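Take these sequences, add in the hints, and give me the full structure.
Residue numbers (the numbering used here), protein chains in the order written: chain W, 810 to 1054; chain Y, 3 to 241.
The hints are simulated quantities; they were obtained by calculation from the structure and are not laboratory data. On a predicted model such as this, the values are computed, not experimentally measured, just so you know.
No farther apart than 20 Å at their CA atoms in a straight line, the calculated lysine to any residue pairs in the SDA-like style are these:
(1) W:Lys973 with Y:Gly94
(2) W:Lys973 with Y:Ile144
(3) Y:Lys9 with Y:Ala86
(4) W:Lys973 with Y:His146
(5) Y:Lys162 with Y:Gln173
(6) Y:Lys162 with W:His959
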Amino acid sequence: MAQKEYRYRTVEAARLAQSRLYPDRISPRYYMLSELRQRFSELISTYHAELTGATLIDLGCGAMPYRSLFAPVVANYIGADLPDNPEADLVIPADGRLPLAAASVDVVLSSQALEHVFDPSAYLAEAWRILRPGGLLILSTHGYWIYHPHPTDYWRWTGSGLQKVISDAGFMVQQIEGVMGLAATALHLFQDALHGRARGPLRPAFGVMMQRAVALADTLYTPAQRRSDACIYVVVARRPSDFVQ
Amino acid sequence: MAFYRTKTAAIIARSRLYPRFYDGRYQVLVGIRRCFEQLIAQYHADLVGATLVDLGCGAMPYRSLFAPHLRRYLGADLPDNAEADLHIPPAGQLPLADGSVDLVLSSQALEHVIDPVAYLAEARRILRPGGLLMLSTHGHWIYHPYPTDYWRWTGSGLQKIVREAGFVVEQIEGVLGTTGAALQIVQETWNPRVPPRLRPLFSLVTQSLIGWGDRLHTPAERQADACVFVIVGRRPLDQ
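Written out as structure tokens, the structure reads:
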């Protein structure tokens, strides 16, 4: 089967998406981005039946790096983002309320967005509103990450804190995975603190060396440990089906 | 120490306030203490004769810094803390009248509370108009449930919730910038894997590195990204 093309409106977005989905070996995000891609691929196989033919909203879509993983399975992949993102199919208005009817979509994808939003509870409430009962939220965000305003950067969570805000928004958390345990996270943060200060060819060399160390260190923590303390969490939650009494 | 009901609390308070040079958290604890010492000097006029509530007080490690300047130092905590002068009921509403205290201190508590917005609203309620909130909490820190551990912030996120709770943010300081924070987590990762006898030596090495690494960051960088943030907010005079 021929690889389907996903059209980008700008060359920058296409490049950015590609570099996040399949990072360069010399990227200082190589390990993290590869792991994140793998987690999403696994989730796509786990929830394949539900994703098939679904309408998916990527809420805070950026360059939609994971579109080429999800789009072949779902029927509609709709990117929603702030007005300054030319890639977005839907613009998120200032009040955060999407021009979508309640219970009109099957899946909400949210990747590295929640840490930037003004009000995570309101964001999750909006995801809940547009999801049909029984619909899925697939969300990734940061436990530990260097400050990266795009244009804002407010929040970090422990695994239990992230589960709490999602449950409090009315979802049932189905699973949570941590990407990079504490040892790998610490080295990654160290790399990010110093990477910009390394000069010339030292910079990629430092990055590659640190990425090796990060990969090695990641074998030290178990999946259970990563669920409470990790660089990134990937959560799957469900809007409960309505009960008929 | 005359301040404490139990010996354990006295020991914990002492080791947090004046950690030994081979303590695995030496740099961060010294950094927090220095921040509070500096704030006490800077806000001395606000402290003199004031009533302070330490909200989520634990072992009250900073009591001996604040208490000499105050009229009263009240520790408030969950019912399982024997040191607390006031117990925080499950609904979170303290048995204190509106506007009845001059200063709320909150040290390494906010990351554990079920609802930070409600906690800050309660701090504002009990503070008199013009009263001060001095709060420290985590940017980057390992998961440490006492009994829960939910939240971390960037500097701007912490300022945002404090402001939204009705405070005017007067200042924010970061203790240990990104490099120091990262190395502290490296230390937390490896410490349990080091033989107990070698841990003081291991800590001495890592803490020295942390002290060195922290020099790479400017105060402005630390205000955005740090291991611990210390923030001062004021309840505005009645509008």
